[in-house]
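These are the residues of each chain, in order.
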Amino acid sequence: MEYIILSAILMGIGIYGLLSKRHLLKVLISIELIAVAASMNFVTLSAQANKALGETLLILAFSTDTCVTAIVLATMIYISRKYGTSDLTKLAELEEKGEASKS
Amino acid sequence: MIIELIAFGLILTACLAIQLDEAVYAVFSLACFFLCTVLLYAFNGADFAAIFTFAMGAGTISLLLLAGGILSDKPEGSKPLRSLLTAVLAAVVLTVPAILLSAGIIIPRFSFNLPFEHTLWGLRAMDILLQGLVMLSVAIGIAIILHEKHGGEKA
Numbered sequence: 001m002e003y004i005i006l007s008a009i010l011m012g013i014g015i016y017g018l019l020s021k022r023h024l025l026k027v028l029i030s031i032e033l034i035a036v037a038a039s040m041n042f043v044t045l046s047a048q049a050n051k052a053l054g055e056t057l058l059i060l061a062f063s064t065d066t067c068v069t070a071i072v073l074a075t076m077i078y079i080s081r082k083y084g085t086s087d088l089t090k091l092a093e094l095e096e097k098g099e100a101s102k103s
Numbered sequence: 001m002i003i004e005l006i007a008f009g010l011i012l013t014a015c016l017a018i019q020l021d022e023a024v025y026a027v028f029s030l031a032c033f034f035l036c037t038v039l040l041y042a043f044n045g046a047d048f049a050a051i052f053t054f055a056m057g058a059g060t061i062s063l064l065l066l067a068g069g070i071l072s073d074k075p076e077g078s079k080p081l082r083s084l085l086t087a088v089l090a091a092v093v094l095t096v097p098a099i100l101l102s103a104g105i106i107i108p109r110f111s112f113n114l115p116f117e118h119t120l121w122g123l124r125a126m127d128i129l130l131q132g133l134v135m136l137s138v139a140i141g142i143a144i145i146l147h148e149k150h151g152g153e154k155a
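Listed in order, the protein sequences are those of chains R and W. Under this note's numbering, the first residue of the first sequence carries the number 1, and numbering increases by one thereafter. Under this note's numbering, the first residue of the second sequence carries the number 1, and numbering increases by one thereafter.
I should point out that these hints are in silico values taken from the structure, not numbers from a laboratory. Quick caveat: nothing in here was measured; it's all calculated off a predicted structure. Honestly, I wouldn't trust all of these hints.
Claimed, not checked - Derived CB-CB ranges, DEER-like: (1) W/E22 with R/N50: 18 to 26 Å; (2) W/F54 with R/D87: 28 to 36 Å; (3) W/S62 with R/L88: 18 to 26 Å; (4) R/E95 with W/A125: 40 to 48 Å; (5) R/A92 with W/L5: 18 to 26 Å; (6) W/L146 with R/K51: 29 to 37 Å; (7) W/L129 with R/R22: 32 to 40 Å.
Unchecked claim - Below, computed lysine-lysine pairings styled on DSBU-like, alpha-carbon distance capped at 35 Å: (8) R/K97 with R/K51; (9) R/K97 with R/K82; (10) R/K21 with R/K97; (11) R/K90 with W/K149; (12) R/K97 with W/K149; (13) R/K82 with W/K149; (14) R/K90 with R/K21; (15) R/K51 with W/K149.
For each residue, glycine too, the CB sits at the ideal point set by N, CA and C.
Put together the whole structure using the sequences plus the hints.
Shown next, in the form of structure tokens:
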């Protein structure tokens, strides 16, 4: 199996979700897909070469990614409770209205 | 054959995680995606990566389920069957190049005698540095947000 093609397809799906979806949680899921697709390359190629470096890099990158995911989720919940919406388009409209009222 | 099925499962669950309107269903699809990733790593002999991905995936999915319950709202005029069929069709189409371009037969490997602990120990400095950079950037981001909020309240 050509894992590079598989990870490229998964990354394409993640990028499509990142560009097309407006819900905050869908954006975060798309970012997770991209991260897993990128790390899959390291693990599968290093496993085929019978080396452990790819697994090590996965552990380093994934632990950092999980911490960032937790903080981003907390920020999303705060934004959703404060503004009453999880839609990026509506949040942008609210921001424009806020700037217009200030000016 | 098993690897091709896992690849199809990966692409299908990724498409469903993006396409499903309900946030909780999308998170469940992401959980299945992590499971398929674990199986893929296990069949390639990357046992440590499989176990670590399973542990981290469980934590991530639990957080996302909680957030999905809080953030989800009923989409207006949703057509769940249509989006589901679209996702399945897209997954089938995307799996074709991944399977057709596969080369060779996968021989299961067993990760004995891999110097994993030596590699992990050798890279501990980079691990600490990267985690420090992440914490620093998050702290700077929070400080900026609080500063803007404080400046907005003053105005």
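Hints versus structure:
1. W/E22 with R/N50: 18 to 26 Å: 43 Å, violated
2. W/F54 with R/D87: 28 to 36 Å: 33 Å, holds
3. W/S62 with R/L88: 18 to 26 Å: With Cβ atoms ~25 Å apart, the hint holds.
4. R/E95 with W/A125: 40 to 48 Å: 41 Å, holds
5. R/A92 with W/L5: 18 to 26 Å: 42 Å, violated
6. W/L146 with R/K51: 29 to 37 Å: 45 Å, violated
7. W/L129 with R/R22: 32 to 40 Å: 36 Å, holds
8. R/K97 with R/K51: Roughly 55 Å separates the two Cα atoms, so the pair is violated.
9. R/K97 with R/K82: 16 Å, holds
10. R/K21 with R/K97: Between R/K21 and R/K97 the Cα gap is close to 22 Å, so the pair holds against 35 Å.
11. R/K90 with W/K149: 20 Å, holds
12. R/K97 with W/K149: 17 Å, holds
13. R/K82 with W/K149: 13 Å, holds
14. R/K90 with R/K21: 13 Å, holds
15. R/K51 with W/K149: With a Cα-Cα distance of about 49 Å, the restraint between R/K51 and W/K149 is violated, given a limit of 35 Å.
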